[in-house]
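Residue numbers (the numbering used here), protein chains in the order written: chain A, 1 to 434; chain B, 1001 to 1418; chain C, 2001 to 2278.
Don't read these hints as lab results, they were simulated from the structure. Some hints could be false.
[To be verified] In silico BS3-like cross-links for lysine-lysine, where the CA-CA straight-line distance does not exceed 27 Å: (1) B/Lys1349 <-> C/Lys2220; (2) C/Lys2220 <-> B/Lys1215; (3) C/Lys2163 <-> B/Lys1175.
[Said to hold, decoys possible] Facing chain A, a subset of chain B residues (Cβ under 10 Å, in silico): (4) Ile1014; (5) Gly1020; (6) Ser1036; (7) Gly1037; (8) Gly1038.
All figures in this text were calculated on a predicted structure; none of them were measured in a lab. Built from N, CA and C at the ideal position, the CB exists for glycine as well.
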Amino acid sequence: MREEFEVAIVGAGPAGISAALALAEKGIKVIVFERGEFPGAKNVSGGVLYGHDLAESVPDFIRRECPVERNIVESRVWYLSLDGGFNVSFRDRAFEEGLSFNAFTVGRARFDRWFAGIAEEKGALVVCGTTVTDLLRDGGGRVTGVRTDRSDGDVTARVVLIADGVNSALAAKTGFRAEPEPNDVALAVKEIIELPEEVINERFNVEAGHGVTIEILGEITQGMDGVAVIYTNKNSLSLCIGANLFDLMSNTVRPYEMLEEFKAHPMVAPLIKSGRPREYMAHWLAEGGYDTIPHIYGDGYLIAGESGMLFNALHREGSNMAMASGRLAALTIAGALARGDTGSESLAGYAAALQASYVMKDLKKYRRFNRFLLNHKELFSTLPRLGASAAREMLTVDGISKKEKQTSIRRRIQGAIPLARLARLLWAGARSIG
Amino acid sequence: MPQNSKGIDVAAIIPDRCIGCQICAGECPVGAIEMSGGVAHIDPEVCIGCGKCFEVCPVEAVSFEPKRPQETPQRIPGVPEDRFSEYRGVAVFIEVTHGQAAPVSWELAGKARELSRRLGTVAIALIAGHELKDVATEALEYGCDEVHVIDDALLGSYLSRLYGKAVTDLTNTVKPEILLMGATALGRDLASVVATNVETGLTADCTGLDIDEEKRLLLMTRPAFGGNIMATIFCENHRPQMSTVRPGVFRPGERKAGRTGAVHHYPFAPPVGEMPEILEFVRDNTGETGLDIGRFPALVVVGKGACDPESMPMIQELADLIGGVVACSRPVVEAGLMPYERQVGQTGKTVAPKLYFAIGVSGAVQHLVGMQGSRRIVAINSDPHAPIFGISDTGLIGDYRDVVPLVIKGLREAVSKR
Amino acid sequence: MNFVCCIKQVPDTAEVKIDPETNTLMRSGVESISNPYDLVALETALILRDKYGGWVTALSMGPPQAEQVLKEAISLGADAAVLLSDRAFAGADTLATSYTLYKAIRNLDLDRPVDIVLCGKQAIDGDTAQVGPGIATRLGFTQFTSVVEIRELNTYDRHITVKRRVEGGFEIVRGPLPTVITVDLGLARPRRASLPGLILSLRAVIDRWDADAVGAEVPKIGLKGSPTWVRRIFSPPLKEGGPVFDGRKDPVPAVERFLDTIVADEELISELFKNPGV
């Protein structure tokens, strides 16, 4: 009675669907399980996707009406104190023309559904509203299928791909991955704020269909290691602010309050003025980076996407790494099936392929970054405060000479943070991303 | 008006107005509407020109000229200009149980009288049942001009096919241009049967009736989508125009003793075949299951914050005082504090009592749509910003435990003075 | 026993909201679902089939997307499903809908005599409760509406006994087959699809009948066969709020003024206190 598949995939997010699509294209019998009522149902908010990665799976994604919200033409980075902040932004005509859809915002609920639809067209079976509760294993511990929460809910598969996200109950339960430490995950809260399309165009100084991303560091996370982002969707803004879970716990800060303060910040408030909050959600992010990546393959199984902690905390790149890892997993699986061996050794190529890809290279490059942020809390308190006060002083016209001002600023900085410490911080920061 | 290659007059979206709500796409019977670029787009080749999108669009972003299937009623030689000249009168089906007419029947009798006067015609009572006592006389007293009765032992209790046959026969004989019934369990069942038999249009559960005098059309307004929108419906090419109306929507007609009129009796020609047999009637003794809070003239509605066991006697006392029952909002039911039958709101019961007394009800939209037809809404809430105050005729900010006893006391005094 | 179960695809009205500022409908992203009453009807059919043996056919009328509700029916255990889909069916009101469904049931009946047709008592988008009785009347079947319990199904003398909700209580009725039953929510609790059922439904190809296949007379279907027309659609007008008295500090005078406004409504007071209760 139990049906047999060549591959069972847990999770119909970017990682799972990329893999399903690649496998189905090769004529491999694949089933995908999604616990939401439809793909993306558990992922209501917006996010940024990258054209390069999506095109690997769906080369003609624009023609196939990928539900793009806005093509990103400008990236901003803000460094904020409580009352103000610095803004660095970059815009290039190239992002409107040749590099159009280099990055774009999507509503995940719509995007995931669209993406899964393409995999289904290729022959993948996407089973929604079904939670995978456990893995089936033979006497030797080899994974042989999945167990779902439905009656007669077992399915056997020669390979199982675990791609059910950062708080993968499955990866943790099956012991393939340790429960992430509070230090290695961030808790982010997101709010979607509805605004008329033209208002967004005006406030962000973009043409219709074009958008902006803002990545924000500073005092907004109340001294905790964290970041905030603002993304423009077609007629809404995604506001997201998150902080390291350990910091949140030890500071007993409520994420929701942090979001409210963020929304009231003088650089944020005018952007969202008169907007209507539509959705609010909390979300985990894998932040540990390279050093927290579990053993991502074994006898009869692979792990992809955020289930495998594949997430670039610095650049907020989760979904593209998920897609890349899903595709690489599919390649490995296809090879293993062709060899007729889906054991650990036969699947080891996945880890190698990941190591050779930008995914691991980037994660390795930034492997110390998380630690760096955690160990230098002045980045989220003293530094933005000092920077802002210095800038404010320099820009205030009050009859005091600039030279005098510089001296007083220098004195103040030295009083707040020893120069040696500042130099070490800069050095460590550069190394952590270097 | 754009046409497609099949010559159908199709609808089109006015992109500037479209807000991308997708109501039309959900409503389109042929799936001709897709979203692209955040606005709806109608594929003209798929569109059948039914105009549903035009009807449902909340922002008038659909251009469409509503057109009847037969926009010019085809004149058949030899048939007089007015196709419906043989139909006359506004009829009400009088629902009788154990010799007692349902209150809604008299509400409709009053309305039928009003509508008939506007059309320059008569109000008619149709009665089917057994042991009807004085119901025919009552119908005349409540404002009907004539009464048509089938009284037969077979009609002792309600069975769809028997009653359906009797009322269909009455309708075919009397030929009213309008036929109204109460939207009770019985009335809704019977109206469907009769409408199917005489092949005419039926609009269920109306909350408003009006007349287009020129075209002699009954304009029937009813809630749809769980009370979120109202639709006005008409029936142009079929007679009678049938409607069921929720109890309590209209006031009973004025009863005047001594009014007279013709009472016609007809024999019953029962349908052939075996009829079902009612083995037993189980009255609702619990007072819970089947309790219809919609039938009470006053409701004291409690929110979750005001639904503690200690305060219930006090709440009940207030309800008794104003001649009503205690109802509640959805969170109360979800918390298991009251049964579903008592729930007011979109997912509960739609009510329109004379007095709606809210205590600790915040007034979520889903609740408001289920009670905004109430004649007088008063609210007590400790939160000055509670949305319920935006809809109430009178509000009182305060802790219900403090103020409700004062309200009861004050109300008693005010009434005893009268 | 041969069962036919009618299922309608409806927008999930629980998600439909009114924008409090503009008083317009907000339905973006509202999902289509199977009418919950119809799922109870299907569950009832499945239980009866499992007990007495037989065959359950799910029937729906709607645009091609309505296939989804029939797939759900298959996933839950229906043996077959037919979608009545034709542009000519579009725009049907309850009269034309019940006619179309009736013709389709007649077709199924020719193939294999239909014993019990089950429908939800009403659909949550329209709440008309007309289609079930309409089908029964046209078929000439025994009709039981608002059924809350199936007491007995006797397949030998071909009678069914049900408990149905009526004003003021319930009645127990016994009548001959074939029958049309419209079910209330309490009758059964819809099951969750098994995994093989769900997989089967994803692969199922749903039979589709157009007006020809149904054998319907064109003037009786769709828009043409619909006597009722919608003239206007609007949001229910919301009232303006009246005075609000603050009784937090000093309740006595606030309550007094609050009561004054109520008691001032002479008509209301006389109606309520003249005729307490019903």
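- Query: Are there hints from earlier that the structure breaks, and if so, what are their numbers?
  - Reply: Hints 1, 3, 4 are the ones this structure does not satisfy, whereas the remaining hints hold.
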